[in-house]
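Colleague: The residues making up each chain are set out below.
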Amino acid sequence: MSARAETLLWAAQRASAAVLALCVAAHLATVIYAVRGGLSAAEILGRTRGEPGWLVFYVVFVLAVAVHAPIGLRAVCAEWLGWRGRSRDIALLAFAVLLGWTGVRAAIGVFA
Amino acid sequence: MSETLRVSVWRGGADGAFRHYEVPRHASQTVLDVVTHIQRRIDPTLAYRFACRVGMCGSCAMTVNGTPRWTCRTHVDAVAAGGALQIGPLRNLPLIRDLVTDMREFFDKWARARGRFEGERTRRDDFARVEPGSPRRELAEAGIECIGCGVCYSACDVVAWNRDYLGPAALNRAWTLANDARDVAGAERLRAVAGDAGCHACHTHMSCSERCPKRISPTAGISGLKRASAAAALRGEL
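Just so you know, the protein sequences line up as chains A and B, in that order. Numbering (our numbering) for the first sequence: 1 to 112. Numbering (our numbering) for the second sequence: 1 to 238.
None of these hints come from the bench; they were simulated from the model. One or more of the hints may lead you astray.
Unchecked claim - Here are some chain A residues the structure puts well away from chain B; computed CB gaps all over 12 Å:
1) M1
2) L8
3) A11
4) L20
5) A41
6) A69
7) R84
8) I90
9) A96
10) W101
11) V110
Said to hold, decoys possible - If you only want the chain A side, here are some residues facing chain B, beta carbon under 8 Å, derived:
12) R4
13) E6
14) W10
15) A78
For each residue, glycine too, the CB sits at the ideal point set by N, CA and C.
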């Protein structure tokens, strides 16, 4: 992979980290609010279904995860497993697609 | 203060072992004094490197009680807990013998990082005027006193995990040149230091900054290279 591509991956990981910092804080605050308020699963779904704001929030959240986690694993694979090169990058691209696909499905699940 | 130091010194190659010596203790004694005593008074076959003895040349770095240090400026009193010293070669470099490592890969990486000044003026041109207080000059100033001792390279975990990683010293050098107003190799140097074997491999553990005997922070320079190369990549210049 070229120096430019590797640099852009680094920039993408930093940018997704910034998005995740906000999303994780908002998600945790929501979880704490829901648990302390004693909301049931049905009551939570009643509030999220049909609300495009929740859909947008969680789609952004899971897409940031799908960008961030595989890039981080890329370094872990190289440094801890000695796994470098094209096979690693293809495997991690597949992992990114899996994260994004299952994440978006879950986000749609609380909306639709 | 006890009269004698119990000193373990690495002997042999990579499959060698620590050998034990008793060395008289003196006031203001440095670790290099201890190694020199062993070689001159006890065992003349001990191999080690030194030159200036005053913290300028960067040739006497060793691992002292598990920590990479310049031995000529490291006082025994500061590091010999309980009167015991363990002295080994620098980590992360191939061992030649005893306390002498092969520094070629360390300096080859400086070359790979384009750690050589590349100007465009000739002797017929006027001097370049660089304002001492200008932001770029101050950034260069922060890293310019590197003596190439290899302590940061030895302290770096990323070097141990990724043998291609250029390492803190080479990247610090590249950063000082990136901030040299007279240097013209800007984008090419960023291309040389960007990516998985360059600045973007750094995990910001800061062991290099913690251990640098000249109190340089290679971590800060590496962060600067990350930002500069990311900006160049986004502009399509990398």
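Colleague: Of the numbered hints stated earlier in the document, which are not met by this structure?
Modeller: 1, 2, 3 and 7
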